[in-house]
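2 protein chains.
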Amino acid sequence: MQSETIENYLKTIYHLSAGNSTIVNNKQLADKLKVIPATVTEAVKKLHELKLVIYEKSYGTRLTSSGSKMALNIVRRHRIWETYLANELGFGWDEVHEIAEELEHIKNDKLIKKLSEKLGNPSFDPHGDPIPDEKGKIQKSNFIKLSEAKLKNSYKIMGVTDHSTAFLKYLEKHQLIIGASINIKTIEEFDNSITLICQKKEVSISPKAAESIIAETL
Amino acid sequence: MQSETIENYLKTIYHLSAGNSTIVNNKQLADKLKVIPATVTEAVKKLHELKLVIYEKSYGTRLTSSGSKMALNIVRRHRIWETYLANELGFGWDEVHEIAEELEHIKNDKLIKKLSEKLGNPSFDPHGDPIPDEKGKIQKSNFIKLSEAKLKNSYKIMGVTDHSTAFLKYLEKHQLIIGASINIKTIEEFDNSITLICQKKEVSISPKAAESIIAETL
DNA sequence: TTATTATTTTTGGCTAACCAAAAAATTAAT
DNA sequence: ATTAATTTTTTGGTTAGCCAAAAATAATAA
Ligand SMILES: [Mn+2]
Ligand SMILES: [Mn+2]
Ligand SMILES: [Mn+2]
Ligand SMILES: [Mn+2]
Numbered sequence: 000m001q002s003e004t005i006e007n008y009l010k011t012i013y014h015l016s017a018g019n020s021t022i023v024n025n026k027q028l029a030d031k032l033k034v035i036p037a038t039v040t041e042a043v044k045k046l047h048e049l050k051l052v053i054y055e056k057s058y059g060t061r062l063t064s065s066g067s068k069m070a071l072n073i074v075r076r077h078r079i080w081e082t083y084l085a086n087e088l089g090f091g092w093d094e095v096h097e098i099a100e101e102l103e104h105i106k107n108d109k110l111i112k113k114l115s116e117k118l119g120n121p122s123f124d125p126h127g128d129p130i131p132d133e134k135g136k137i138q139k140s141n142f143i144k145l146s147e148a149k150l151k152n153s154y155k156i157m158g159v160t161d162h163s164t165a166f167l168k169y170l171e172k173h174q175l176i177i178g179a180s181i182n183i184k185t186i187e188e189f190d191n192s193i194t195l196i197c198q199k200k201e202v203s204i205s206p207k208a209a210e211s212i213i214a215e216t217l
Numbered sequence: 000m001q002s003e004t005i006e007n008y009l010k011t012i013y014h015l016s017a018g019n020s021t022i023v024n025n026k027q028l029a030d031k032l033k034v035i036p037a038t039v040t041e042a043v044k045k046l047h048e049l050k051l052v053i054y055e056k057s058y059g060t061r062l063t064s065s066g067s068k069m070a071l072n073i074v075r076r077h078r079i080w081e082t083y084l085a086n087e088l089g090f091g092w093d094e095v096h097e098i099a100e101e102l103e104h105i106k107n108d109k110l111i112k113k114l115s116e117k118l119g120n121p122s123f124d125p126h127g128d129p130i131p132d133e134k135g136k137i138q139k140s141n142f143i144k145l146s147e148a149k150l151k152n153s154y155k156i157m158g159v160t161d162h163s164t165a166f167l168k169y170l171e172k173h174q175l176i177i178g179a180s181i182n183i184k185t186i187e188e189f190d191n192s193i194t195l196i197c198q199k200k201e202v203s204i205s206p207k208a209a210e211s212i213i214a215e216t217l
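Protein chains in written order, with numbering that gives the first Met the number 0: chain A, 0 to 217; chain B, 0 to 217.
To be clear, the hints were calculated from the coordinates, so they are not data collected in a lab.
Please note: incorrect hints may appear among the correct ones.
For chains that are exact copies, the list does not tell them apart, and a pair is met inside one copy or across any two.
Said to hold, decoys possible - Derived pair list, reagent style EDC-like, types lysine to aspartate or glutamate, alpha-carbon separation capped at 20 Å:
1) LYS68 x GLU100
2) LYS112 x GLU94
3) LYS113 x GLU210
4) LYS44 x GLU6
5) LYS31 x GLU48
6) LYS113 x GLU94
7) LYS151 x ASP161
8) LYS109 x GLU94
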């Protein structure tokens, strides 16, 4: 049985390699997992032994196909739980991530299946992130980061990549919620801050915020 | 933070001491927790340090009031989850215990509160066991073990104390389900086996089975 | 191309949970 | 009261995960 620790490593490697199995280095992992680099060195060695990653000394780590399969499964559990907590239990989208961080480690296929069914087998979680299916397949979408949006174009907000409570509260205040339609009014030359129209109101957004908002081109 | 291991010890001590803080010995704990007695000795020493139990060498262990409070809370989480799995997700009552064994360790008060609310703050789980409230109070009931039933009397099945899949399957087959009304037809002198009427059908039950069925006097 | 900085690895050590085997204590049987 | 059986404790040892400090590599800047 894979331990909770191993699962957290796999999931983190998956996220850091952006799905496409880019090489991940120890420092990144240490930062995300809140351990020191020495600990990561040990861990990735063991994951290599288990054939869940390929670890090349002093270079980096990437998931094997079986590691990737496992990671996708953890991501699925995490996002199913997030959706469930939000849609069925009435938790706010800023609360679900933390709880799902624990629930994701409960390994019971039937449980996840029942949860998913009850939700109508959703393909996206409350943050707009795709939920891998039982086989690990992820539904593609023509989403972009708002930082890549073009002037005058219209978009629909589909999700966020920063799940911090602070950020989510900020979005809610400006009614920049999932499903909201927006139009890009101006993009500042000198700092790339964006002004957009949302619910008839004008909102100005920093480049950093725009980087964390996922939108669909309309 | 109390570890999963500590929580399992507290819960097991609670169950073995039947709520009323009877002394529990190492052998019993070792058997239930599937570890060797030496491991239990170490563990109860630590629990004593933490002031969660009173451990008297070579004699036994009992919960302190803070240990008891904690145990009640774990039992509450366990039974809320069992009820939720059965009532909201459609799991069979023979499936829920195993899953709840894991879910019970997720410590998030708001989560349990939401689950409980959604269920209408139930006082009994699908096995008929009482669910302690937030303060640890358990609702009393005039339940008896079927092995204590009297001839000609009528009862309503309220729960079971043996949660094994085999036993629950057996009960289901004979329609001895929660809520069923029964009448005691005969009690054999020589082996205490019981014949009862349930759903117009006659069912014969071993003393061992009767010991594990909880019923309410009608 | 050195020198400086950042990252990675090694080494030694720690704690929580476990087990096996032997010794000690308790309980039950004769 | 002895003996035998059971339970408990002690001692020594293991593994998973972690950290701190030092040594080795790799990357960047001068
Ligand atoms: Mn999340
Ligand atoms: Mn996690
Ligand atoms: Mn149970
Ligand atoms: Mn448990």
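Taking the hints in turn, this is what the structure says about them:
1. Proximity of LYS68 to GLU100 under the C-alpha cut-off of 20 Å is restricted to the intra-copy arrangement: shortest distance 18 Å within a copy versus 26 Å between copies.
2. Proximity of LYS112 and GLU94 under a CA criterion of 20 Å is satisfied inter-copy only: 14 Å between copies versus 23 Å inside one chain copy.
3. For a Cα distance limit of 20 Å, the shortest separation of LYS113 from GLU210 qualifies neither inside one copy, at 35 Å, nor across copies, at 34 Å.
4. In this assembly of identical chains, LYS44 and GLU6 lie within 20 Å of each other by CA distance solely inside one copy; the values are 15 Å within and 32 Å between copies.
5. Proximity of LYS31 to GLU48 under the C-alpha cut-off of 20 Å is found in neither arrangement, the shortest distances being 22 Å within a copy and 34 Å between copies.
6. Proximity of LYS113 and GLU94 under a CA criterion of 20 Å is satisfied inter-copy only: 13 Å between copies versus 22 Å inside one chain copy.
7. Neither within a single protomer nor between protomers do LYS151 and ASP161 lie at most 20 Å apart by alpha-carbon distance, with minima of 25 Å and 67 Å respectively.
8. Proximity of LYS109 and GLU94 under a CA criterion of 20 Å is satisfied inter-copy only: 10 Å between copies versus 25 Å inside one chain copy.
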